[in-house]
Amino acid sequence: MNGFAAALWSEALKARRSRAPWASALGLALGPLVGGLFMLILKDPTWARRFGLITAKAQLMAGTADWPTYVALLAQMVAVGGTVVFGLVAVWIFGREYGDRTVTGLLALPTARVTIVAAKFVVVALWSAALAVLVAGLGLVVGAAIGLPGWSSGLVPHAVARLALTAALAIALIPPVALAASAGRGYLPPIGVMFLAIFLAQVVAALGWGAYFPWSVPALAAGVAGAGLRDLGPESYLLVALTGLAGIGGTAAWWCLADQV
Amino acid sequence: MARAIVTAGLTKCYDGRPVVDDLTLTVRRGEIYGFLGLNGAGKTTTIRMLLGMVRPTAGTARLLDTPVHPGAHDLWARVGYLVELPQVYPRLSVREDLEVVRRLRRVADPRAVERVIERLGLTPWSDQQAGTLSLGNRQRLGLARAMLHAPDLLLLDEPANGLDPAGVVEVRELLRELAYDHGVTVFMSSHVLGEIARLATRIGVIHRGRLVEDVDTGALERRRWLAVDARDRDAARAVLLGAGYAVDPTPAGPLILTDARAVACPEAVARLLVIADLPPRHLSVEQEDLERHFLHLVGEDRWAAP
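Residue numbers (the numbering used here), protein chains in the order written: chain A, 1 to 261; chain B, 1 to 306.
Same shape as in the complex, but just chain B:
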């Protein structure tokens, strides 16, 4: 499958300290890639490197099979982006702001501005000065700028920022339509896990500058385990280990059995514990959810629900 983004060992250091460290990832064409990380994890620096705004200390990046370089103008004609909160020229109207973008992006068709205004629901504010827009409408304007030229690749930094719940759904459906119906690749960073979970087809987690996870959301959803608890947890663990189950050595909370046979047949586990006079007081098949997985990856799982 064709690749939209390929990075190899991408690294950025400031004062010798790595902000992004040896980032190697591949995003396929048409994917919606969710790029997750805590504040300061390196998400925005990565996006700036992908856009040629920041030079990597080491490593390479290619977008749409073209090496990233500030002067790669043919590439930038095919890429739309939104980095951090969209900043606007306060005294330009929404229409004028987008007209500036249209001309700088060399889009020949002047109707492109009206089309994107309509698509992003900005029609009621099209003659309003951009500086007076609400945060949500400013975000819509930022997205309109990114989409005006019908790009093949969208790099979006926190695209749901400031949007009201209806706006979040609207933008989610728009991005889905772009990806599924028009083959646009979407690379979006966020720390809003619910949004990524609903939208992304693939997820990368960056923590302290390093990519600590790169997984299809389908594979994540298929991760299931059996959670078991008994009054004498140590004795139950010994019984289960003796029966050949793989029991995760969690220091507190229920025992976690990741074997496929435990997940497929939890009653066998229950029977085993009852026979050993250790009746389970909790037994449930659980499925990975993004929040728990993310918090586990970044070492903040003390906050995760058991």
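With the rest of the complex left out, here is chain A:
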């Protein structure tokens, strides 16, 4: 077994044995369920009248009860909820090594530190991708269960592409959180960084410059606030990719070069 395979096996085992995968799945699974509830309320106004305030909220959040609207809602949940939950996965994978001081056991081994960092990023990416698939799959089940109208054969590739693009953009923005977890040596600094980025993303998007701020891009790609892919140019995707690469490089450099005290 080479170093990367060993590191990947180790990281996967640590993840499997923890409660974090279940907690993250539960957190993100709420998205399709709540979205389905909104669709149900909008689909049956008579039944929904009993829910008063929530009807108004559902109209504000979603608009109409059909498959295209529900897919857009799921994409938005992946963009915003995914940024938070994927980030928390990275906080757990990287920050816990520092928070629990287990990192010491990973620093003077025949397996290179950069290999361990790479394995951690692969596990975070696969874990996050699995969560996105869970949202899509659960959304499909919930949408079918409540009998949403507007299904067409052309919807499937559109829905898959939209969800996949949004998830990929959110996953690409994980590495800076991993860097903050490593440099901040624990859980709280990266959580602070993550929420600051999400807050700034809202502000910058509201000012109309969201296409040029990496953390605004997934939400814009998902169609939050009526935006769409037409609002994003190649430079937006490039910015997200560069931010992710900078995070990967920074995390690897931190593990390899910084004093580990």
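It should be emphasised that the hints constitute simulated quantities derived from the structure, not laboratory data.
Backbone N, C-alpha and C define an ideal beta-carbon position, used for all residues, glycine too.
Each hint should be verified, as a subset may be incorrect.
[To be verified] Non-contacting residues of chain A with respect to chain B, defined by C-beta distances greater than 10 angstroms in every case (computed): (1) G3; (2) A7; (3) S10; (4) L13; (5) T102; (6) F199; (7) I248.
[As the list claims (entries may be wrong)] With beta-carbon atoms standing in for the labels, derived distance ranges: (8) A:L257 <-> B:D214: 28 to 34 angstroms; (9) A:D259 <-> B:V215: 56 to 62 angstroms; (10) B:G16 <-> A:G249: 28 to 34 angstroms.
With the hints as your guide, set chain B onto chain A.
This is chain B only, laid out in the frame that chain A set:
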């Protein structure tokens, strides 16, 4: 003799303040080197520098004839370590934890895990989650991680931490066996003087970041002196100085004569004082003990027994 550890002017400063200051030491292969110091003396920082976890501000370190560098992977395959209290992945079992170490250390033989579990007496807890282990068993797990790959050099920071008396003896015998029968070099830091005194073949004392002593335990044991006391201590001191004895100028307590002839023939000293009408009320040949020596070195000898 081949050298396992060589440092030259090893220094680490934080905010301009030296935590380890110009540390130069050599540990020979097969030695058990006790690295003593008070809390905050620089022991753990030194070990972290030896493991490439902290970059020295100045100076160099070589382990097993290889310069220390985070990327010296061939070197790390030959080094086992335990730094501070062993931290564990709480939901992995003891066996899984060691399996992770085996794979990351590229040990091909899967039976290495069972062997080290047995050797460290962890068999009853091998399927227990590491997070539920007692402090002592967690320490055993830390030692098992350090020894799993049969290293040539062990760097252990407070290896007896948390162990019960039987565990302390067990680990001591294990380290002895590794050093004497298998030629493993053991560099262990501690502030438990009794443990170091029983185990180490060589001792270094670090105080405020500086190495203030580096000595074979045999040489330490050979340090003997004659302690003499009389009612008129000043007069006795003058008589002894007049007779050519070297008398340590201690401000209080008995007079200390370090001459070999005083240690070899204390009755001559007694006779001299009796003739001068200063009969000794205390006369004893004493041998250095590590606790007294250590406290003297670090300037805390007000606590040492006279």
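**Message:** Hint by hint, where does the structure go against what was stated? Just the numbers, ascending.
**Reply:** 1, 2, 3, 4, 5 and 9
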